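**Student:** Here are the chains, one letter per residue:
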Amino acid sequence: MRVEFTVNGEDVAAEDVWPGESLLYVLRERLGLPGSKNACEQGECGSCTVYLDGATVCACMVAAGQAQGRRVRTVEGLAAAEGADAGPEARLGTVQEAFVEAGAVQCGFCTPGLVVQADDLIGRTVGAGGPVPGDAEIREALAGNLCRCTGYQAIVEAVRTAAERAQAAAAGGAR
Amino acid sequence: MTASAPGRAAAARAGAGTAGAARTGLESSTRDGVGASPRRPDGTLKAAGEFAFSSDMWMEDMLWGTTLRSPHPRARIRSIDVSAALAVPGVHAVLTHEDVPGEKRYGLETRDQPVLAADQVRYKGEPVAIAAADHPETARRALDRVRVEYEVLEPVCDPRRAAFDPDCPLVHEEAVGAHPEHNPGGNVVRRQPVRTGAFAHGAGAAELRARAAAVVRGTYRVGMQDQAFLGPESGLAVPAPDGGVDLYIATQWLHVDQGQIAPCLGLDPDRVRMTLAGVGGAFGAREDLSMQIHACMLALRTGRPVKFVYNREESFFGHVHRHPATMRFEHGADAEGRLLYATLEIVLDGGAYASTTAAVVGVASSLGLGPYEIPNASIDAYGVYTNNPPCGAMRGFGAVQACFGYEAQMDRLAAELGLHPVELRTRNALSQGSRIATGQRIDMPLPMAEMLARSRAMALPVAREALPDPADPRTLPGGVAGTSRGEGVVRGVGYGVGLKNLCFSETFDDYSTARVRLEVVGGEPAVLVHTAAAEVGQGLVTLQGQIARTELGVERVTILPADTSVGSAGSSSASRQSYVTGGAVKAACEAVRRRVFSLVRERGLAGADHPDDDLALEGGTVVSAGGEVLAPLADVLGGAAVEETRVFRHRPTRMLDPTTGQGDSHVQFGMCVHRAVVDVDVDLGLVKVVALDAVQDVGRAMHPRQLLGQIHGGSAQGLGLALMEEVHVAGGVIRNPSFTDYLIPTVLDTPPMGVEVLEHADPHAPYGLRGAGEPPTLSSTPAIVAAVRDATGRTLARAPVRPEDIVGVEH
Numbered sequence: 001m002r003v004e005f006t007v008n009g010e011d012v013a014a015e016d017v018w019p020g021e022s023l024l025y026v027l028r029e030r031l032g033l034p035g036s037k038n039a040c041e042q043g044e045c046g047s048c049t050v051y052l053d054g055a056t057v058c059a060c061m062v063a064a065g066q067a068q069g070r071r072v073r074t075v076e077g078l079a080a081a082e083g084a085d086a087g088p089e090a091r092l093g094t095v096q097e098a099f100v101e102a103g104a105v106q107c108g109f110c111t112p113g114l115v116v117q118a119d120d121l122i123g124r125t126v127g128a129g130g131p132v133p134g135d136a137e138i139r140e141a142l143a144g145n146l147c148r149c150t151g152y153q154a155i156v157e158a159v160r161t162a163a164e165r166a167q168a169a170a171a172g173g174a175r
Numbered sequence: 001m002t003a004s005a006p007g008r009a010a011a012a013r014a015g016a017g018t019a020g021a022a023r024t025g026l027e028s029s030t031r032d033g034v035g036a037s038p039r040r041p042d043g044t045l046k047a048a049g050e051f052a053f054s055s056d057m058w059m060e061d062m063l064w065g066t067t068l069r070s071p072h073p074r075a076r077i078r079s080i081d082v083s084a085a086l087a088v089p090g091v092h093a094v095l096t097h098e099d100v101p102g103e104k105r106y107g108l109e110t111r112d113q114p115v116l117a118a119d120q121v122r123y124k125g126e127p128v129a130i131a132a133a134d135h136p137e138t139a140r141r142a143l144d145r146v147r148v149e150y151e152v153l154e155p156v157c158d159p160r161r162a163a164f165d166p167d168c169p170l171v172h173e174e175a176v177g178a179h180p181e182h183n184p185g186g187n188v189v190r191r192q193p194v195r196t197g198a199f200a201h202g203a204g205a206a207e208l209r210a211r212a213a214a215v216v217r218g219t220y221r222v223g224m225q226d227q228a229f230l231g232p233e234s235g236l237a238v239p240a241p242d243g244g245v246d247l248y249i250a251t252q253w254l255h256v257d258q259g260q261i262a263p264c265l266g267l268d269p270d271r272v273r274m275t276l277a278g279v280g281g282a283f284g285a286r287e288d289l290s291m292q293i294h295a296c297m298l299a300l301r302t303g304r305p306v307k308f309v310y311n312r313e314e315s316f317f318g319h320v321h322r323h324p325a326t327m328r329f330e331h332g333a334d335a336e337g338r339l340l341y342a343t344l345e346i347v348l349d350g351g352a353y354a355s356t357t358a359a360v361v362g363v364a365s366s367l368g369l370g371p372y373e374i375p376n377a378s379i380d381a382y383g384v385y386t387n388n389p390p391c392g393a394m395r396g397f398g399a400v401q402a403c404f405g406y407e408a409q410m411d412r413l414a415a416e417l418g419l420h421p422v423e424l425r426t427r428n429a430l431s432q433g434s435r436i437a438t439g440q441r442i443d444m445p446l447p448m449a450e451m452l453a454r455s456r457a458m459a460l461p462v463a464r465e466a467l468p469d470p471a472d473p474r475t476l477p478g479g480v481a482g483t484s485r486g487e488g489v490v491r492g493v494g495y496g497v498g499l500k501n502l503c504f505s506e507t508f509d510d511y512s513t514a515r516v517r518l519e520v521v522g523g524e525p526a527v528l529v530h531t532a533a534a535e536v537g538q539g540l541v542t543l544q545g546q547i548a549r550t551e552l553g554v555e556r557v558t559i560l561p562a563d564t565s566v567g568s569a570g571s572s573s574a575s576r577q578s579y580v581t582g583g584a585v586k587a588a589c590e591a592v593r594r595r596v597f598s599l600v601r602e603r604g605l606a607g608a609d610h611p612d613d614d615l616a617l618e619g620g621t622v623v624s625a626g627g628e629v630l631a632p633l634a635d636v637l638g639g640a641a642v643e644e645t646r647v648f649r650h651r652p653t654r655m656l657d658p659t660t661g662q663g664d665s666h667v668q669f670g671m672c673v674h675r676a677v678v679d680v681d682v683d684l685g686l687v688k689v690v691a692l693d694a695v696q697d698v699g700r701a702m703h704p705r706q707l708l709g710q711i712h713g714g715s716a717q718g719l720g721l722a723l724m725e726e727v728h729v730a731g732g733v734i735r736n737p738s739f740t741d742y743l744i745p746t747v748l749d750t751p752p753m754g755v756e757v758l759e760h761a762d763p764h765a766p767y768g769l770r771g772a773g774e775p776p777t778l779s780s781t782p783a784i785v786a787a788v789r790d791a792t793g794r795t796l797a798r799a800p801v802r803p804e805d806i807v808g809v810e811h
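Note that the protein sequences, when read in sequence, are chains H and D. Going by the UniProt record's numbering, the first sequence opens with residue 1, and the numbers climb by one from there. Going by the UniProt record's numbering, the second sequence opens with residue 1, and the numbers climb by one from there.
Honestly, I wouldn't trust all of these hints.
[Unchecked claim] A partial selection of chain H residues facing chain D, derived with a Cβ cut-off under 8 Å: (1) Gly9; (2) Val12; (3) Ala14; (4) Trp18; (5) Pro19; (6) Glu41; (7) Cys45; (8) Val75; (9) Arg91; (10) Gln96; (11) Thr111; (12) Leu142; (13) Ala143; (14) Leu146; (15) Val156.
[To be verified] Pair by pair, the computed Cβ-Cβ distance ranges are: (16) D/Gly259 - H/Pro131: 54 to 64 Å; (17) H/Gly20 - D/Gly482: 30 to 40 Å; (18) D/Gly259 - H/Gly20: 33 to 43 Å; (19) D/Arg39 - H/Ala170: 49 to 59 Å; (20) D/Val647 - H/Gly172: 56 to 66 Å; (21) H/Trp18 - D/Ala87: 13 to 23 Å; (22) H/Glu164 - D/Glu628: 58 to 68 Å.
Hints are computed from structural coordinates only; laboratory data are not their basis. Bear in mind the structure is a predicted one, so any value in this text is a computation, not a measurement. Positions of the beta carbon are idealized from the N, C-alpha and C atoms, including for glycine.
Make a model of the complete structure from these sequences and hints.
**Tutor:** Next up, the structure:
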């Protein structure tokens, strides 16, 4: 079957899709977007987290056909959304930059899903005019994303830092 | 974090987010050198989703490989018929053992594992046939049509029976150990006795027992833990015009893979060219081969690139696990709490194939007493074949299991004698100059007593009584499930200490190779570092760059992709790469530096007899000892490139004696102390870890932020083993091969972790460093279980602790 949707603002189409394929498979193997990861393919680890019409989902649990006509935003779209200027480090979004700085990236396999989920948390809190989320709120928001390397401490620090910077930016301060 | 000179008691609070700035103590002004915490060179790509992991490989005309696995733990294969599978449209090849071009078996230490099962299968999940097709689902459906006729046999599932029952069926009719003198036959892969003190002279325990004021005995069990790396087994094999193959793969050691793959393909090793693809975690699970030979076979057969990606269920069958252990321990102490003797029996279930079982037995036996002075010891460790899933390397490697047992024993002795757990441990603590049970003298700092005192002095979390009432459910056992409002919740505190060998042991030629090139690029000096060392997430690529910057005074350093076009780096295992590959990069840089100094003299920039000791490289220039800039490196080098390759070895080690267990088998020792604070819902058996604080001596904090990442991550894996992680195997069958049923800690399960880092340099090691990845995985588990015991009063002799163990429901 043929599936059409938008990814990171661009219209895309995948041909000859077997109906059993997931959105994750189509993104990774048919559309050249392997940033969303395939750690469990059963909705338990969050490594494939993407936005579907603005809400975060596990792309492995979405049948490809369910994406028909909808908007998908992946980790590849997080960076581009904040400006495609200068070198690769300047391309990183606020959350991504904070992850690298804090040492929240080790093997990096969980990172794409976590930065999407953290981006969503910051959008729902600071982005909606609310306060920087506290430790418990950050942990609750990330509870569906497994990481095997870091013990999560640097990840929680990175999300807090990113939220503080997003708030400062919203208040007119420099990033 | 601060650094310190060797021997000085030096520690610094390295808590949340404070580890950024560190002084190195080295005479180097170069930014981002040893002791600093620069960004990972691969961090930006990983955060952007652009880093190419092994499962991300893609080629236009590639095929997908899949694996048919045995449904039985033990069976004879009467016949295999692939004709119906080959008839499926889109299928390009279906291969069995008959299609293996060369050697039919492989293995890390013992070549006992079939590439594809031939006459029998020895575990459920063993590969029997492989297929390549144009879509992964097509390949899977084709394998559904392979007809295999099995004669099902009764599996050997009980490791104690495998070890001790002479009538137990043999898992392997022709078991050949890597070290026959340690292999008594039967189902035993290795038996390792250790006898010291009175036991070395034939005495039994009775006489020692009579002299002891307190004797404790326990049978301890550690369940099968999965490494649960997130990046599944995967890779891409590309057939080459010369009849060879290029393999892009996630592994821990390229060259040991190559050495196993090539003979099975019937190819010379130089025809199997391997490049490290992005590795999504390892923790020991990528020491053994998984799909490597299968992908190469299919690529060579079809003439097309072949990609394999295991799914999570298959991954549980695709790699070895941590050995489950059954341990019978007896310890005796005098009235002052000084340990008098210990007898240990440790049985490790190696499953169907040997993998690293023999080496795991070597660690469990040599470190079975832990970090304690015990003058009389009798240890017997066994690693056995069964028809359970194969077990091998996982972070901690045999020392984790023993540590769970001896730390439980220490707590029981302390309770019997009315001593604080820290006091009992301090009275028996090893230190520099002590000997472990193998007779090996610890010839490096081991400040255990200091570490225990620091652990005990660390700030405790806010007391339960001081928390708001009603409590935020997120702070309680059961969490947002709201199973408690705080009633029935009891707090407990526990300690754990572990002793771990670092680097490969027992005569292993444990070397690494580094090639370093210094040249001028765009008018600026630049360094290329090339090794075959596997970056598995630990940050070795960062460390290599730091070392090159420090040694060559050049900021611009590029780490080339790891591949087999340079010599072996050994495995990213045993906490060894900072030491061994770090040592190789340092040695190659030193050789480059000496050649640069020769150029300086040849070009008249320093006197012809100006010694190397009075020259240095800093900030891209050559400077004299007095700090005078003699010349920019760009001028010294001109168009020349200086390149050197060096092999680095640590000091040699010895095999343990097969009857006495004596011998200097280890290179280096590492230690971590944990204190855990838990809240336990004693009615429901639920545990919330409130705090998990660590004190670790690392000799030298090479990259303080990455170091904290290792300690946090290792502690969390130990937490998993303490409270939730177990591969349930019944009748040889894994019952929970998914992340739905095999639970690893989430961010809600993992508490904030305080860390104190000590830096007592090891005089034998590059920069004085000590491998840091494994020790926290040892001590975290017993500390947490001790805290749960403290809260509940239960014995809790197995890890992981289950809710029914806490509430006292019988199975």
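**Student:** Now tell me if each hint is right for this structure.
**Tutor:** A quick look at each hint next to the structure:
The criterion of a C-beta within 8 Å of any C-beta in chain D is not met by glycine 9 of chain H, whose closest approach is roughly 16 Å, and the hint is violated. For valine 12 of chain H, the interface hint is violated, the least distance from its beta-carbon to any beta-carbon of chain D being 16 Å, above 8 Å. The closest approach between the C-beta of alanine 14 of chain H and any C-beta of chain D is roughly 13 Å, which is over the 8 Å cut-off, so the hint fails. Nearest Cβ of chain D to the Cβ of tryptophan 18 of chain H: about 6 Å, under the 8 Å cut. The hint holds.
For the restraint placing proline 19 of chain H at the interface with chain D, the shortest Cβ-Cβ distance is roughly 10 Å, beyond the 8 Å limit, so the hint is violated. The criterion of a C-beta within 8 Å of any C-beta in chain D is met by glutamate 41 of chain H, whose closest approach is roughly 5 Å, and the hint holds. A least Cβ separation of about 6 Å between cysteine 45 of chain H and chain D falls short of the 8 Å threshold, and the interface hint therefore holds. The interface hint given for valine 75 of chain H holds, since its Cβ lies 4 Å from the closest Cβ of chain D, which is under the 8 Å cut-off.
Interface hint at arginine 91 of chain H: satisfied, since its Cβ lies 7 Å from the closest Cβ of chain D, which is below the 8 Å cut-off. The closest approach between the C-beta of glutamine 96 of chain H and any C-beta of chain D is roughly 4 Å, which is under the 8 Å cut-off, so the hint is satisfied. Here the hint on threonine 111 of chain H is kept, as its CB sits about 5 Å from the closest CB of chain D, short of 8 Å. Satisfaction of the interface hint for leucine 142 of chain H is found here, the shortest Cβ-Cβ separation to chain D being roughly 5 Å, below the 8 Å cut-off.
With 8 Å as the threshold, the beta carbon of alanine 143 of chain H comes within range of chain D, its nearest partner Cβ sitting at about 5 Å, so the hint holds. Hint status for leucine 146 of chain H relative to chain D: holds, with the closest Cβ pair at about 6 Å, below 8 Å. Proximity of valine 156 of chain H to chain D holds as hinted, the smallest CB-CB distance being about 7 Å (cut-off 8 Å). Separated by about 57 Å at the C-beta atoms, glycine 259 of chain D and proline 131 of chain H satisfy the suggested range of 54 to 64 Å.
Judged by the Cβ atoms, the range 30 to 40 Å given for glycine 20 of chain H and glycine 482 of chain D holds: they are separated by roughly 38 Å. Checking the proposed 33 to 43 Å range against glycine 259 of chain D and glycine 20 of chain H shows it holds: the Cβ atoms sit about 39 Å from each other. At roughly 26 Å, the beta carbons of arginine 39 of chain D and alanine 170 of chain H sit outside the given window of 49 to 59 Å. Distance hint for valine 647 of chain D and glycine 172 of chain H: a CB-CB separation of about 57 Å, consistent with the stated range 56 to 66 Å.
Checked against the hint of 13 to 23 Å, the C-beta distance between tryptophan 18 of chain H and alanine 87 of chain D comes to roughly 19 Å, which is consistent with it. With their beta carbons about 46 Å apart, glutamate 164 of chain H and glutamate 628 of chain D fall outside the hinted range of 58 to 68 Å.
Of the hints listed earlier, those the structure fails to meet are numbers 1, 2, 3, 5, 19, 22, in rising order.
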